[in-house]
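A.B. asks: Top line first, the protein sequences correspond to chains A and B.
Following the numbering used here, the numbering of the first sequence begins with 1386 at its first residue and continues without gaps.
Following the numbering used here, the numbering of the second sequence begins with 9 at its first residue and continues without gaps.
Quick caveat, the hints were computed from the structure, so don't treat them as lab data.
Straight-line distance between alpha carbons at most 27 Å, and here's what the computed DSSO-like set of lysine-lysine pairs gives:
1. B:Lys117 x B:Lys196
2. A:Lys1915 x B:Lys96
3. A:Lys1916 x B:Lys104
4. A:Lys1915 x B:Lys104
Take a look, some chain B residues computed to stay more than 10 Å from chain A by CB distance:
5. Glu20
6. Arg21
7. Ala29
8. Ala36
9. His75
10. Ala77
11. Tyr84
12. Pro86
13. Arg111
14. Gln116
15. Gln122
16. Ile129
17. Gly154
18. Ala189
19. Val205
We treat Cβ as the ideally placed atom computed from N, Cα and C, and that holds for glycine.
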Amino acid sequence: MHSRRSFFSIALLVGFLTLTGGVADAASSKTTTADHSKFKELQQTFNTGPEVTKACLSCHTEAAKQVHRTKHWTWEFLNPENDQRLGKKNVLNNFCISIPQNTPFCTTCHVGYGWKDKHFDFSKEESVDCLVCHDTTGAYKKIPGTGGMAFGKDMELPPGSGKIVKGIDLTKIAQKIGKTSRDTCGGCHFFGGGGDGVKHGDMDSSLAAPEAELDVHMDAAGLDFTCGTCHATSSHDVPGSRYTPTAIDKGGAHIRGKDGKGNPATCVSCHNNTPHKSGDHADRLNHHAKKVACQTCHIPEFARGGVATKMGWDWSTAGQLDKDGKQFVKKDDKGKIIYESRKGDFDLGTNVKPEYRWFNGDIKYTLLDDKIDPTHQPIGINSIGGSPSDGRSLIWPMKISHGKQPFDAVNMNLVTPHTAGNDDYGYWKNLNWAKAIESGMKDSGMPFSGKMDFVSTEMYWPITHMVAPKDKSLGCVDCHAKGGRLEGIEGVYVFAQSNNKWVDLFGWTIVLLTLLGVIGHGLIRIIASKKD
Amino acid sequence: MTQKIYIFKKFERFWHWSQAALIIFLMATAFDIHGTYTIFGFEQAVIYHRLAAWTLVGLWVFAIFWHLATGEWRQYSPSMTNVIAMVKYYLSGIFKNAPHPHRQTELQKHNPLQKLAYLGILAFVAPLIWTTGWLLLFWDSLEAWGLGFLQLEWIAIGHTIGAFMMLTFLVAHIYLITAGATLTSHLKAMITGWEEVH
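One chain only, chain A, in its complex shape (with noise of 0.2 Å):
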């Protein structure tokens, strides 16, 4: 009974992750040159999604071998400045913490077929999920706990359940295929961390639509933008990287012919290093640029559609049962859940100002064979580096989310907890940390004290998306005042918020005892006369 109702929570969960879309279609296919529900290979019925990537292959000979090289489906990624071995199969974070032992339900986002466990095949090319990218029509649906398989025919899921789950009309969704939407990038992005707008901050659902006040670009009556307008994608490995962010971009617009090598997602890429053309502050605000990023004015807030992100997560207080025995949920005033048995207490936030930090896009993980010093809270499951001197750093908005996670008490190191799963382990369904650390870690292949404890961490989320119009830009009094935005951030002096106290204090006094010293001077005048 808990076992079912544990994965069906989290089926409902990851529903949210099925695609909303069927916008992108009218658009592309006005300028495509191929209807693709007229090729033969697309008029059949699929009963899997590795069906139909066949059918693809066979026309698009090269597209898995292209998937197979990047990150979207090794999860995977080593990081050349550091030697670090990334990528989500590897790093950790404070929300849901890792993949390990969580796999079939994690890999429902992967861009794949099956991936259930350490024995998935990865050289398979048809195991590459195409529709998940492609779809236009927002019927298509990955199953949780399945390895991300999508099935054209009823199932019963799990085999013996007797719950069916209904099949999708899979020769429909692939004989309207399409390019790649906010919709279907979004799918998986904006839910990132397990639910809407969870681990970003400045991604969430209400960019399938937004207005312009949320995002200039993507606009949709406007500008509409889709992500990959600005992560414009070759051979389908798609650029922008949250672990070697391009920090900072002196390379100016990329203008045809220009030797293509940059990160075509910057700011810069389209506006150049020099973008404020017009109005009396054009030259400071360039000036400014060169050491605050575009977006530190230019996202005054995060978390704007609506969409609650969760700025902290504290694992610590999970575990606790209603007086009958069984998990609860706690919710705020607007309905949204700030207290799960399953997975400890949130905290919320929309509307949230950012952070700042001196930025030079280098990332340290915290990972699973790093020791930690627990006596130094917060641990960082990822550091950022940057300075004001370093010639390579801008100052960066930043969400900072906030986690006290558990970490093994002997050995020193953050673990893997299995949480999702229908089995005598996960931590969701039990509520045991020990055998869920235990079950994870063997998983990552890591040894388990038996010993755990909780440790605070934080981790950096640089803010790039919802960028505003320019008249909802920050201005110049949400630094430049007392208490403005850039407080603490060293190596700038920001008018009217650094001011100098002793100057300050120096120069009213001496105005002061002037002052004094001629009203004086006047009263005696004025009584001397009066003796006269």
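Following the hints, position chain B against chain A.
C.D. replies: Okay, now just chain B, sitting in the frame of chain A:
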């Protein structure tokens, strides 16, 4: 017996009052930018402050030319004669209705203490404000000019110190308007050009 002499020529009076207006406006916008209060708000205050600064530069170009061409610059060359007498006058004589120790003439418009004060402004406060002000106006280009080693904070502090000195001067200056032959004789002179002397 009161007599009147013509002290301040038309240009001088125009220069004085337009400069006074500009400096007071610069000060008002300066402390707005400084965050002391909000009249125009930072963004507008910066625009006005720069505009007023450039206007003052223009005025000074004319004033400097005028002073050189007419030889009036000599009015600011310091002398220690009668300085002590002036100090004594301000500290005691003025209360006893004693005669003003300085007799204004066309060639000696300023009393010796006044001369020293103006020289201090011209030699120290104005250069401090102007130098730091120019550096701030051209802050964007300093690196290209090989002045990238200058710290914005120090330039700003210098400019602020200059502003406080100017404000201090202004307070004393306004009060000393009343310290002429009569309470209003200095003010009248600066408006009409004619000063009453005893």
